[in-house]
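Protein chains: 4
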Amino acid sequence: MNLSGIIGYPVTPFSPDNKQLDLNKLGSVIDVLLEAEVDAIAALGSAGEAAYLSEEEWKQVAEYTVKHVAGRVPVIIGIAELTTEQAVKYAQHAHHIGANAIMLSPFSYYKLSETEIFQHYETVSEASPLPIMVYNNPATCGVDMTPEFMLKMVNNIKNASMIKESTGDIQRMHKIYTLSDGKVPFFNGCNHMALEALHAGASGWCTAAPCLIGDKPKQLFDAVKSGDNKKAKALFYQQYEFLEFIVSSGLAAAVKSGLSLQGKEAGNPRKPLLPLNKPAQQRLKSMLDNLG
Amino acid sequence: MNLSGIIGYPVTPFSPDNKQLDLNKLGSVIDVLLEAEVDAIAALGSAGEAAYLSEEEWKQVAEYTVKHVAGRVPVIIGIAELTTEQAVKYAQHAHHIGANAIMLSPFSYYKLSETEIFQHYETVSEASPLPIMVYNNPATCGVDMTPEFMLKMVNNIKNASMIKESTGDIQRMHKIYTLSDGKVPFFNGCNHMALEALHAGASGWCTAAPCLIGDKPKQLFDAVKSGDNKKAKALFYQQYEFLEFIVSSGLAAAVKSGLSLQGKEAGNPRKPLLPLNKPAQQRLKSMLDNLG
Amino acid sequence: MNLSGIIGYPVTPFSPDNKQLDLNKLGSVIDVLLEAEVDAIAALGSAGEAAYLSEEEWKQVAEYTVKHVAGRVPVIIGIAELTTEQAVKYAQHAHHIGANAIMLSPFSYYKLSETEIFQHYETVSEASPLPIMVYNNPATCGVDMTPEFMLKMVNNIKNASMIKESTGDIQRMHKIYTLSDGKVPFFNGCNHMALEALHAGASGWCTAAPCLIGDKPKQLFDAVKSGDNKKAKALFYQQYEFLEFIVSSGLAAAVKSGLSLQGKEAGNPRKPLLPLNKPAQQRLKSMLDNLG
Amino acid sequence: MNLSGIIGYPVTPFSPDNKQLDLNKLGSVIDVLLEAEVDAIAALGSAGEAAYLSEEEWKQVAEYTVKHVAGRVPVIIGIAELTTEQAVKYAQHAHHIGANAIMLSPFSYYKLSETEIFQHYETVSEASPLPIMVYNNPATCGVDMTPEFMLKMVNNIKNASMIKESTGDIQRMHKIYTLSDGKVPFFNGCNHMALEALHAGASGWCTAAPCLIGDKPKQLFDAVKSGDNKKAKALFYQQYEFLEFIVSSGLAAAVKSGLSLQGKEAGNPRKPLLPLNKPAQQRLKSMLDNLG
Chain A
58 MNLSGIIGYP VTPFSPDNKQ LDLNKLGSVI DVLLEAEVDA IAALGSAGEA AYLSEEEWKQ
118 VAEYTVKHVA GRVPVIIGIA ELTTEQAVKY AQHAHHIGAN AIMLSPFSYY KLSETEIFQH
178 YETVSEASPL PIMVYNNPAT CGVDMTPEFM LKMVNNIKNA SMIKESTGDI QRMHKIYTLS
238 DGKVPFFNGC NHMALEALHA GASGWCTAAP CLIGDKPKQL FDAVKSGDNK KAKALFYQQY
298 EFLEFIVSSG LAAAVKSGLS LQGKEAGNPR KPLLPLNKPA QQRLKSMLDN LG
Chain B
58 MNLSGIIGYP VTPFSPDNKQ LDLNKLGSVI DVLLEAEVDA IAALGSAGEA AYLSEEEWKQ
118 VAEYTVKHVA GRVPVIIGIA ELTTEQAVKY AQHAHHIGAN AIMLSPFSYY KLSETEIFQH
178 YETVSEASPL PIMVYNNPAT CGVDMTPEFM LKMVNNIKNA SMIKESTGDI QRMHKIYTLS
238 DGKVPFFNGC NHMALEALHA GASGWCTAAP CLIGDKPKQL FDAVKSGDNK KAKALFYQQY
298 EFLEFIVSSG LAAAVKSGLS LQGKEAGNPR KPLLPLNKPA QQRLKSMLDN LG
Chain C
58 MNLSGIIGYP VTPFSPDNKQ LDLNKLGSVI DVLLEAEVDA IAALGSAGEA AYLSEEEWKQ
118 VAEYTVKHVA GRVPVIIGIA ELTTEQAVKY AQHAHHIGAN AIMLSPFSYY KLSETEIFQH
178 YETVSEASPL PIMVYNNPAT CGVDMTPEFM LKMVNNIKNA SMIKESTGDI QRMHKIYTLS
238 DGKVPFFNGC NHMALEALHA GASGWCTAAP CLIGDKPKQL FDAVKSGDNK KAKALFYQQY
298 EFLEFIVSSG LAAAVKSGLS LQGKEAGNPR KPLLPLNKPA QQRLKSMLDN LG
Chain D
58 MNLSGIIGYP VTPFSPDNKQ LDLNKLGSVI DVLLEAEVDA IAALGSAGEA AYLSEEEWKQ
118 VAEYTVKHVA GRVPVIIGIA ELTTEQAVKY AQHAHHIGAN AIMLSPFSYY KLSETEIFQH
178 YETVSEASPL PIMVYNNPAT CGVDMTPEFM LKMVNNIKNA SMIKESTGDI QRMHKIYTLS
238 DGKVPFFNGC NHMALEALHA GASGWCTAAP CLIGDKPKQL FDAVKSGDNK KAKALFYQQY
298 EFLEFIVSSG LAAAVKSGLS LQGKEAGNPR KPLLPLNKPA QQRLKSMLDN LG
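Residue numbers (my numbering), protein chains in the order written: chain A, 58 to 349; chain B, 58 to 349; chain C, 58 to 349; chain D, 58 to 349.
Watch out, some of these pointers could steer you wrong.
Remember, identical chains collapse to one label, so a pair may be satisfied in a single copy or spanning two.
In the DSBU-like style, the derived pairs of lysine-lysine whose C-alpha atoms are separated by at most 35 Å in a straight line are [to be verified]: (1) Lys146 to Lys215; (2) Lys335 to Lys116; (3) Lys240 to Lys82; (4) Lys76 to Lys232; (5) Lys288 to Lys146; (6) Lys116 to Lys76; (7) Lys76 to Lys168; (8) Lys232 to Lys124; (9) Lys124 to Lys328.
Note that these hints are calculated values from the structure, not bench results.
Just so it is clear, the structure is predicted and the values come from calculations on it, not from any experiment.
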């Protein structure tokens, strides 16, 4: 699998009482992403509230996503579980339903040692043949993996073949690029650093932004690739405030509020998460109007 | 309920393959704590690996603990769930089985706002009549609550009446004491700061240390209370290296290894958590020998 | 020299236009400290604005302080210079004028390696026979020295014999105590952690507070030593808000404003430092009234 | 003055005993920079060890630099003083000798409030007509200024017209660009973030690297401007390890060692700063060989 470009992240719509999945609406969100020309779909990431789903719901979302995408683009399934046993179960399920790859991050209560993390990845790799994107997001997962350690896993664990970096520290990408001689593909997971990540050699950009702003991220990607730096910079700064806003507001809450503002109601995030408050909704509306 | 002194934290023993609870062994660990003269038992805290249990296991541990303690000391049940719905379910269960209080902390994937946390506590308080110990442990739970905010919850949420502070920043305790005029009871959750916490006004010390070192923590508590500062300091520094070690090694792994060294096998922690490696076990053995 | 108890820090009074020293007023401030029963005087510390004095002024303050104290208590001279050459010059001067010890901290523009810091201390030690208090204050000096490293200097550099710790992290003191078997004297430089530092084994407390609140710090020290923990806690919390305030406001600005409020005008700090603004002055006045 | 491109930073050569300036060698270093096609020269920055010079030395370096450059490119003089009085004196001197601009940063012992910093800049601006580059480098100067605050100074202080950002946080540049609608020129002061800074809209790159690697930085600047992103990325990663090395080793020590390796001896940095140790020198030699 040779992944590059924009990897789109759908949110997970719920029923109005927040208790049930709304899979039809999930289908609509996926359609929005495909219309925005994303190069892959990643279900059950942060934006998808995977951490707040029951096991049954998790499996339903994974399965529905693969069926609905139906091979038009690759489907990646996010896995961030507290126990190795659960991560293995999910990785096997992802393979079983025909997903193309998994994006695997540790999720910690107790801080994990590198030995513990390595064995976690190794055990998952042995349980499923899917390619693994090693995903570092300390802000949500409570564990920070260095570029050196992630490359060690890529070099020593069979299916580990890609990296997603979400710390927002551009130096991490420089290290990945330098230490691997530019040979290990890495993806940007920090929306408001997309311009720099692409220039620094990222293969692509993992983002929920296309749920709300269509192919603007794709346009930015293309401008960087074509060397039109003036256009790339203009496109980036046009989206910048929006990108920073959805990250700092929480992706699920922000994207769901935005979909609602656009008449594509997808329910609220699950408690304790709250939807955006009124002033934040108005700020988002104004940003979306400017980008529309 | 007027809690003070040493609140003991049992680990949760597993079968050798790590897949089943071993409730008989849990009973033995609880007995060790009671022999160490703890003033209360707190099940399902960090040391108890609550984050790594299934719902059914969680309920079994809670129920078994209440039955086994059988009123000899109060039983507190730890609750740290990602969704408010699950926290409510557990709080109701804790009340249903006859526990005396709950120790409630947020547990985050997405960072939570104070509004989100407040509503989480309020919803749990409305669902169960048990007293709530507001528990701040950013290192494991991914959310940091200020003294000011925790006191706001104690003052405005019916059952919230106590605080447990585990950041290891003694200034947090000064703030709690000062801002509440010494009236809101707070407990120390940072083992290697116990001496200072008690002098700063903490009502008690929440600790898994008595699983391994008997009534040494209780002796320290008593020495501080009686003004024997020379003895208190000596007792503290006698335990210091051990206390710092079990925290930095991970409580569950360290206490389980220690129990095994003492011939009270309680199984390993759940993966990705690993038991202590050989050098760490030897260091622990040496510390326990010196304290024995 | 066997230093213990309260080490008092005078501010450095200036003329109204801020351009000249006012040595008569310095004498009055020193008298205030001696009346507050301090056990030693430390000139040219943070509170003394040493960093903002010319070489000539620095020497005048050092010399005047030694003469004015006239052997009633030991005099310590603070040295925090960017170059080793200047630190040597000041250490020799301190010896020449009859001071009893120097308190030496690195002061950095470029971050310093442990090798660079070690050679700095060693060179000063070789240039002057005075005992050296190794002083760690990263907030002002831009360099953080670990307990392990400071003990290495105490053990290997002839005149280095004491430590002053001002990070506000009580664990540093635990480490110093444990690693030196309680044999290396250490002093607390974090005002609002005085209670815990003394219980943790600190030989004394370095503070400018007696400039404004008389023998309250000394009373706290005595209460801890006598095991009257109730009184010690009460005295500490009585002073707590004040102690936290003078640190967070900047010692020189806060103490000079306080002296002015008490009718003992000592001028303003040097620019860019500003005196306390009106609301802060009023808050300080209210705290001093309550402590009076 | 419309500054852009590469702003080159000379080191300050000393005599072999470190006690005297070697102005002839300073001239040679400046010549190296001019041959590397820098667009401006900035004397007395971090690389120039300004913090370790006496007042007389400082003035000699400033004056010599202006004379030696002789109008071929603009000369900027760095000013980072603890007192406002000294900063004013230096700003006036810079104007007096015919420099083209000053680069002004606060330098703190006590942490400074925004009010204190603002008045510092304002006072300097009133004392000298030279354009001011507001320079943020918390790692050396101990004060961190937000983009919002620096823009407030640019908008409200007469001569403040440019910003140099050295935190290494690319988001600061995004904020400066966004909040000023791209109208306030900003410069990159973090060598190993040069690629991203230029793409994010930086007018130029402040660097001592051309002292050792000639026009490589200028080539990188030109490649970004011309939209040759493949070449820009290749040039950046070619220099990356070197750029990261000279920052983490300390610019003055690293550049002086490098000059010595290239047969252009410029003396050692001043103590407590030490020259690179042998292994670091060998690593530097290897990097320079690869870049040569």
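Given a CA cutoff of 35 Å, do Lys116 and Lys76 count as a within-copy pair, a between-copy pair, both, or neither?
Both: 16 Å inside a chain and 22 Å across chains, each within 35 Å.
Within a copy, between copies, both or neither: where do Lys288 and Lys146 come within 35 Å Cα-Cα?
Neither: 45 Å inside a copy, 45 Å across copies.
Could you figure out if Lys124 and Lys328 sit no more than 35 Å apart (CA to CA) within one copy, between two copies, both or neither?
both (28 Å within a copy, 32 Å between copies)
How would you label the pair Lys76, Lys168 (within, between, both, or neither) given a Cα cut-off of 35 Å?
both (31 Å within a copy, 22 Å between copies)
With identical chains, the pair Lys240 and Lys82 could be close in the same copy or across copies; at 35 Å between alpha carbons, which is it: within, between, both, or neither?
Neither: 39 Å inside a copy, 43 Å across copies.
Within, between, both or neither: Lys232, Lys124 at alpha-carbon 35 Å
Answer is neither: 37 Å inside a copy and 42 Å across each miss the 35 Å cutoff.
Can you tell me if Lys146 and Lys215 fall within 35 Å by alpha carbon in one copy, between copies, both or neither?
within (18 Å within a copy, 41 Å between copies)
Check Lys76 against Lys232 for me: Cα-Cα at most 35 Å, and say if that holds within a copy, between copies, both or neither.
neither (43 Å within a copy, 40 Å between copies)
Is it within a copy, between copies, both, or neither that the alpha carbon of Lys335 lies no farther than 35 Å from that of Lys116?
The answer is within: 33 Å in one copy meets 35 Å, while 39 Å across copies does not.
Against the hints set out earlier in the document, violations occur for numbers 3, 4, 5 and 8.
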